[in-house]
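S.K.: As you go down the protein sequences, you meet chains A and B in turn.
Mapping to the working numbering: the first sequence position 267 is 267, numbers consecutive.
Just add 330 to wherever you are in the second sequence, counting from 1, and you've got the working numbering.
Bear in mind the hints are in silico, worked out from the structure with no lab data behind them.
The beta-carbon is built from N, C-alpha and C at its ideal position, and this holds for glycine as well.
Careful: at least some of the hints might be erroneous.
Chain B side only, calculated, beta carbon under 8 Å to chain A, not exhaustive [stated by the list, open to error]:
{"no.": "1", "residue": "385"}
{"no.": "2", "residue": "432"}
{"no.": "3", "residue": "438"}
{"no.": "4", "residue": "440"}
{"no.": "5", "residue": "523"}
{"no.": "6", "residue": "530"}
{"no.": "7", "residue": "531"}
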Amino acid sequence: MLAMNSKQEQDDQAARWAARMLSGDNRTPANLDLDDWKSENPAEAKDLDELLAMTQSLDAVGEQALEEEWFHELETLAEEKKRQRWFAGISSVAAGFVVVAVMAASMLFGGPEAVTFETVKGQRSTIALEDGSVVQLNTDTKLVALFEDDQRHIVVERGEAFFDVKRDEDRPFTVAAGDTNVRVLGTKFNVRLGASSNVVSVLSGLVSVAQRTDDTPKREVALLHKGEQVIVGEEQANPVVGRFDEGSVLAWRTGKALYRAVPLSDVIKDLNRYFDAKLEIGDPSIEQLPVTATFNLNDQSVVIDALESAFSIMAVKKMDGVILLYARET
Amino acid sequence: MFKRTPHIRLIEDTGSEASGGEPGSSADLDAQAKQKNIRALEACIKTNHSMLVGWIAKKVGNQDDALDVAQDVYMRVYRFANVEVIENPQALLFKTAANLAINELKRRGRILKRHVQVDDENVAQTVADLPADDPTPEQALGQKQGVGAMMEAIRALPEKPRTAFVKSRFEDKTYAAIAAEMNVSESTVEKYMMDALKRLRSRLLKKQTATVLPMPRRSRRGS
């Protein structure tokens, strides 16, 4: 028993000396101390020599061991990055706003991470998804992304978004917007969730659009090619595929709204998506006024100025913040 | 001293006899598999690029060289993807990065110096001091233990002592530098070293007491 204890003790001393001698700087203990200790403890000194010799022979596997250590370092870093990536990929386009990204509860249970992206009124935001796809959120938009090993799901809960999907045959990309379901491989397209109808517009690639109604299960209603658009709503059983004006549908991506001969009432409805202060028409005579214009969406007062000067309209702000538009008296 | 011909084990292993030239559908499958390889790699590179460059820059000391090394890494993994099916693109990427970063630093003589010139005074002296008739522990080690056993012994170390030991011995870092990296005190690093040395000794030198094996790593985590 006693012998074992003293053996233990002696091991520790040898290891302590070795650890000190290997520190790598020049503060190794004075050789005198070491020599004293060695001459006083010959058995321990031999242990120390053994330890140092062992350490030296381990240099033979130095490169391999270092490679494994560095590999391990990289894996740890990647693991950390993966956890942060959802946040890091977010870049806010509209100044002064911050995108809200909330980890859904599913993450707590170790499943795939469902992540929510949200913009407020007037904000636009571009998000790089983990698979290399990019999604751009228009004003007042909310979507949830859930990426699994064999599927990529997006749910548009509100608003409008443009998708540039990274092609991956083994991992189809689906976008659900209300009862409309869009399935793609790799393509660019725009989805707008409306009150009564949803609009899917395809910039490139091939997109399958399916629709579910209260009485029918989900079924494909359109197969869209480049330059095609479909409007799916409750009332249309067989929606019609048509061409679309790329400029006006996608103008929002550059912070603009573009209208070509659109009735003022529809223009106002569309513009109201972007601003807190609501615009209303106070004069029925101008509801059908055809508007052909490009508006810069960054500033509502600029939009109103443009309406006033180009269309003989007068804007009046009410106490409750609503802005009423009248025909200007001439 | 070191030629600029960094080797990659993974690539060398597959070499020239990569199964080529099978006709018909299996060739198509090959092509498909390759396409898939490349895509998986591209995604992996895209995801990890900035992290990798940052990590390499920390190792080699500057951003420009780091970008060069990263470029070299990508070239090699792409070449590899053309001849072999890749099961884990991230592992391939990181292994290659670790390997090339080591080559780069070795070329500059910044790490693993003892491989070329064993003149660490203390160590060399103590080995020389051993009585000649008694086989030195180094010889004993060399005879009984192969490279495999040494690697196993290092792998079996608990995470922190292992990191401290590897960085000290093979990355040629001082305890002070390691302490800063691991965010602990120098005396803690010294303790890790002691722990590592003792565990290595009990595995590699004291076979008779090997009944007391270190606990498996997994169960020690988090303690």
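S.K.: Can you verify the interface hint for residue 530/B: is its Cβ closer than 8 Å to any Cβ in chain A?
M.R.: holds (7 Å)
S.K.: Should the interface hint for residue 523/B be scored as holding, given a Cβ-Cβ cut-off of 8 Å against chain A?
M.R.: Because about 4 Å separates residue 523/B from the closest Cβ in chain A, which is inside the 8 Å limit, the hint holds.
S.K.: Regarding the hint that residue 531/B lies at the interface with chain A, is the smallest CB-CB distance below 8 Å?
M.R.: holds (6 Å)
S.K.: For the hint on residue 385/B, does the least C-beta distance to chain A fall short of 8 Å?
M.R.: holds (6 Å)
S.K.: Closer than 8 Å between Cβ atoms is the bar; does residue 438/B clear it against chain A? Give me holds or violated.
M.R.: Because about 15 Å separates residue 438/B from the closest Cβ in chain A, which is outside the 8 Å limit, the hint is violated.
S.K.: Given residue 432/B as an interface hint, is the shortest Cβ-Cβ distance to chain A below 8 Å?
M.R.: Constraint on residue 432/B satisfied, holds at 6 Å.
S.K.: Hint residue 440/B vs chain A: min CB-CB distance below 8 Å?
M.R.: violated (12 Å)
Checked against the numbered hints above, the structure violates hints 3 and 4; every other hint is satisfied.
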